[in-house]
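S.K.: Add chain B to chain A, keeping to what the hints say.
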Amino acid sequence: MSFDRRALEIDAAAESGRIVNFLRRSVYTVLRRRGGVVGISGGVDSAVVLALSVRAFGPERTCALILPEKDSDPESRVLARDLAAQYGVKPEEEEITAALEGLGCYARRDAAIRRVFPEYRPGLGYKARVTLPENLMDVGSLNVPMLAIVRPDGSEDVRRLAPEEASEIVAASNMKQRTRMTMLYFHAERRHYAVIGTANKNEYEQGFFVKHGDAGVDVKAIAHLYKTQVYQLAEYLGVPRAIRERTPSSDTYSAPTSQQEFFFRLPFETMDLLWYAQEHGVPQEEVTRATGFSAAQIRRAFEDFTQKARSTAHLRMHPLSIETGPAGATRGAASGTGTGV
Amino acid sequence: MEIEQMVRQYVNRNLLFGESQIMYDDDTSFLAAGILDSMAVMELVAWIEATFGMKVDIRDITPENFDSVNRLAAFLRRCAAPAAVGGNGRP
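Keeping their order, the protein sequence lines are chains A and B.
Counting in the working numbering, the first sequence runs from 1 upward without gaps.
Counting in the working numbering, the second sequence runs from 342 upward without gaps.
Just chain A, with the same shape it has in the complex (with noise of 0.2 Å):
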């Protein structure tokens, strides 16, 4: 069969039993807890996983947390309980602005984006975003990341970051997914239950999440799932669709970034197709005649895929010692290729 979009079809309902009875047998025989906490942010990954875990536990042994901050959009607390609701589920809800501003991480933050921006004040209206460059595929520009402020007029500004500020604002940035980690175990340990991580293919290998933050988890149960099938799966488990046509945000910055904008810079369906191509050595004239794109675009977004894996590496690998050494690290690491931006 020639290479197209089928490729990346799955049978979601064997998919589905397959994650079922994964998450049965950790959870209860291997790590010998009683159930499942799952975050919910109101996006699509953590839907699915809510519903899996469902399905798995029951909605009695499953506990789905919902971990708003100030900085969250409004919308996916509104989902998220919608969510719940519909799979049988009463949620928790924790609010973890006190402890954020109690870390910290707000003012760190704002620091730092006040050194680009001296101008910028989040008490007047002012947000802000982390991006990459858009156009991958065109020029295939270096990962190096964009500041952009919003004023309260709407108006936007841009400035590449330089690396005191960029490591700043991302560190500040991360204390939101260990703060909800903290949180995930708190629930988790009271109920003996296991934490169900919702990272997906393109996060997990790619370098798109925190570590020991919503990396902190004990069953990683869609990782193996590139976006495009974590939809398939949600369409057939009965995700809303309002989750499922929403666009992926990591809801972390004030203003509205899309997943594309900060970190993957490709639209999945593009992304899944071309990485799916690379990792199973797909000629470079199918990929052409199935996409569309140049040899020279293909290459670019190959790069990519492999320096961005490449040099998140690290990001996977469990803590170094003399007794493992760096081979004993690597194991931890999910993929020969990783690494981060």
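One should not assume that every hint holds.
Below, computed lysine-lysine pairings styled on DSBU-like, alpha-carbon distance capped at 35 Å [as the list claims (entries may be wrong)]:
(1) B:Lys396 x A:Lys127
(2) B:Lys396 x A:Lys211
(3) A:Lys211 x A:Lys127
Hints listed in this document are in silico derivations from the structure and should not be mistaken for laboratory results.
M.R.: Coordinates of chain B only, in the frame set by chain A:
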């Protein structure tokens, strides 16, 4: 000091820390060799701007300009002030 030597010295000191087992020559891809990630790119740009007295446009931060000693040296010869690179710069 010739520009290629300056780049090599920067890479050895600041990206490989004198500890790495990574071997490279002037045509080795920094990306393929695992020398360059996004933080390294940002630091490299900051070093170029401080050392060569130039402002690097985001559109110039490409593999074609940054992905080896020779590519970076050629970019600097094209774009930096002549005095900074000891020769002819961008007209």
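S.K.: Which hints, by number, does the structure contradict?
M.R.: Violated hints: none at all, because every hint is consistent with the structure.
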